[in-house]
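**Q** Read top to bottom, the protein sequences are chains C and L. Heads up, the final residue of the first sequence is numbered 979 in my numbering, and it's a clean run with no missing numbers. Heads up, the final residue of the second sequence is numbered 145 in my numbering, and it's a clean run with no missing numbers.
Simulated from the structure, these hints should not be mistaken for laboratory data. Hints may contain errors.
Only some residues are given here: those of chain L computed to face chain C with a beta carbon under 10 Å [what the hints assert, rightly or not]:
| id | residue |
| --- | --- |
| 1 | 28 |
| 2 | 30 |
| 3 | 36 |
| 4 | 50 |
| 5 | 75 |
| 6 | 108 |
| 7 | 133 |
Some chain C residues well away from chain L (every beta-carbon gap over 10 Å; in silico) [to be verified]:
| id | residue |
| --- | --- |
| 8 | 546 |
| 9 | 633 |
| 10 | 649 |
| 11 | 754 |
| 12 | 842 |
| 13 | 846 |
Calculated lysine-lysine pairs in the BS3-like style (CA-CA distance at most 30 Å, straight line) [stated by the list, open to error]:
| id | chain 1 | residue 1 | chain 2 | residue 2 |
| --- | --- | --- | --- | --- |
| 14 | C | 547 | L | 92 |
| 15 | C | 907 | L | 114 |
| 16 | C | 519 | C | 461 |
| 17 | C | 547 | L | 114 |
| 18 | C | 898 | L | 114 |
| 19 | L | 92 | C | 891 |
All residues carry an ideal CB built from backbone N, CA and C; glycine is no exception.
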Amino acid sequence: MERTFCSGSGIEIKEVYAPEDLREFDHARDLGMPGAPPLTRGIHKNMYRGRPWSIRRYSGFGTPEETNKLYKTELEMGQTGLSIAVDHPTSCGLDSDNPKAIAEVGVAGVSVDSLLDMEIMFEGIPLEKVATAIISGPFPSAPLTAMYFLMAEKQGIDIKRLRGTSYNDVMGVGGYLWRPDQIAPRHQLRIIVDCIEWCSEVAPNWHPVNFDSYNYREQGINAVQELGMLLANAIGYIEEEKRRGRIPLDNFIRSFSFNMGAHNDFFEEIAKLRAGRRMWYAIARDRYGTEDPRCWQFRLHVQSSGCTHTTQEPYNNLIRIAYQVLSAVLGGAQSVHGNAYDEGLCLPTEESMLLSIRTQQLLQHETNVINTVDPLGGSYYIESLTNEIEKRAWEYMKEIERAGGIVSAIETGWIQSEFKKAMLEHERRVNSAEVAVVGVNLFKLPREPYKVPIFRPDLKAPEVQVERLERVRRERDTARVTQALRDLRQATLDGENVMPGVMEAVKAYATLGEICDTWREAQGIWECPMRG
Amino acid sequence: MGMPYERVTMKGQPLRILMVTPGLDGHWRGKVTVSQALRDAGMEVVYGGNMAPREIAEAAVQEDVDIIGLSILSAAHLRLVELTLHALEGKGIKDIPVVVGGTIPEEDIPMLKEMGIIEVFRPGTPLRDITSFFQSRFARRAAP
């Protein structure tokens, strides 16, 4: 039997592609020029010739002091964007002194309990020069955003000029990752949409939402499913605002940003990003009739795929990361994170961190890949693949629609079962070697040939954080905090925009846990249908 | 090494395993795939999701499990294992073996074993290695 060749998502690939594969292809309709509809070739006319992609790592660990030091090191290495990766308790909206947080304060991210932590973390950082991504679960996203804004204000910087991103992806409430003590996705969507509405007025350069399909993809789904879920999720947000009708859709949509993964199938990943841009244009322009060109831009941060890395022979990951980053760049990403090669072993060491930044700098400055825009545009293969992925992603979006849209699909467990099916299937294919993993199920060596340094976080974060929390609680104006939380609760129950209340509570040094508790009490804790 | 857990084989029932992550780390892919492999190999899995160490000890008793599998990817494995073993001890549980899976640096494995962990499975371990470990180490059930 002749061997068949398939893409990562199972699209059968032909031996060669030729003009007849693009017989129905209409250059103006399907491709256009970069920066022009339908934006397939890139959201900017000159792309990296005008401005190279931002080099941004997912970073942050330990105490705010340690993270502050890390940011300064990253800026010194030439990084152009920062990110606040928070620890698990913060991501769940729990304070560092919550008994549940006991072993994980500052472990896999930085601990942020109150405005004071944010102030310490960004001391001496030139906020006007960097764009910062606040990476967390959706529940604490609004209060963390408020903390960043108020910290900047204290540094004398106008919020209107701040650049950055809040995650605010509702899929992070038990869709792709289990988190305890969350309010239901529909309640979280409400807070998220409040935050987007509010930012559209107060912080026009801020991206209050980042649809984060990188994390969906890490559950084992393929490129088509990733794109389908991502766009279906964004549509759910727009539908919510349409139902409310509080601000013009143009103002609502123009700040959207997206975060996708870069997996192993090199050309499919490039085609996925190109298809995503064309589909988003169709959604924003044709389906919702927006007129502001910023609404049509599928602004993309791309991260190399952690789940493709191996714990065995960890240096091999350097090569995987380099290919994945290249696919993100050939696909036209605005911002890229190259993982550190040692993430399957530990938190990145300073050396692995530097290598991930250097991987991107080499591409930007030595390879000349930035010289022309969308260099693969017009290739019979790439255009065919882009078309096919688009077609399949629209079909998958219909399935999600039939499941009630993303929020319902999370609440009923439909999404989680999609992930579960995908992860089991992938594991089966790795175990049967249908999917090759070099050094693991192919060319495996009897002994680990590399010895890599392991990063050991200094675990003083819990003590420092608990002590600081006590001090914050002691020194703040308790009456003001109580009143602020009471007002926030009332605004939540009355269906008003919660952001002014969040800002006042943060300003009064209410803790993240207290703010989230206010919502938990008002709306109840949700039982996540994630089953093993 | 001997076979200190023979009691398991005497029950005349399939092995029952509690699969759980101590703490707040919501990664679930490893737990889910290993759980399914163990079920496919004829074992019973109680999927615990995430639990506090105290809850793990309670569930182990309540569910009458033979083995506890801890899935840890948060880099806090040393502390979480210590807390979990302590919680088990607090409940008077001495004879339920505990295994760990997750992103554990190789050099930490001896430390975990010294603490009382029976085996550590790192990412990339073939599922059949895990299932056959359970089957050989704890033996197949004896016929009732």
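**Q** A separate judgement is required for each hint: does it hold in the structure or not?
**A** Verification of the supplied hints:
no.: 1; hint: 28; result: 7 Å, holds
no.: 2; hint: 30; result: 5 Å, holds
no.: 3; hint: 36; result: 5 Å, holds
no.: 4; hint: 50; result: 6 Å, holds
no.: 5; hint: 75; result: 5 Å, holds
no.: 6; hint: 108; result: 7 Å, holds
no.: 7; hint: 133; result: 13 Å, violated
no.: 8; hint: 546; result: 7 Å, violated
no.: 9; hint: 633; result: 20 Å, holds
no.: 10; hint: 649; result: 31 Å, holds
no.: 11; hint: 754; result: 8 Å, violated
no.: 12; hint: 842; result: 25 Å, holds
no.: 13; hint: 846; result: 21 Å, holds
no.: 14; hint: C:547 / L:92; result: 19 Å, holds
no.: 15; hint: C:907 / L:114; result: 25 Å, holds
no.: 16; hint: C:519 / C:461; result: 49 Å, violated
no.: 17; hint: C:547 / L:114; result: 25 Å, holds
no.: 18; hint: C:898 / L:114; result: 21 Å, holds
no.: 19; hint: L:92 / C:891; result: 43 Å, violated
This entry does not satisfy hints 7, 8, 11, 16, 19, going by the numbered hints stated previously.
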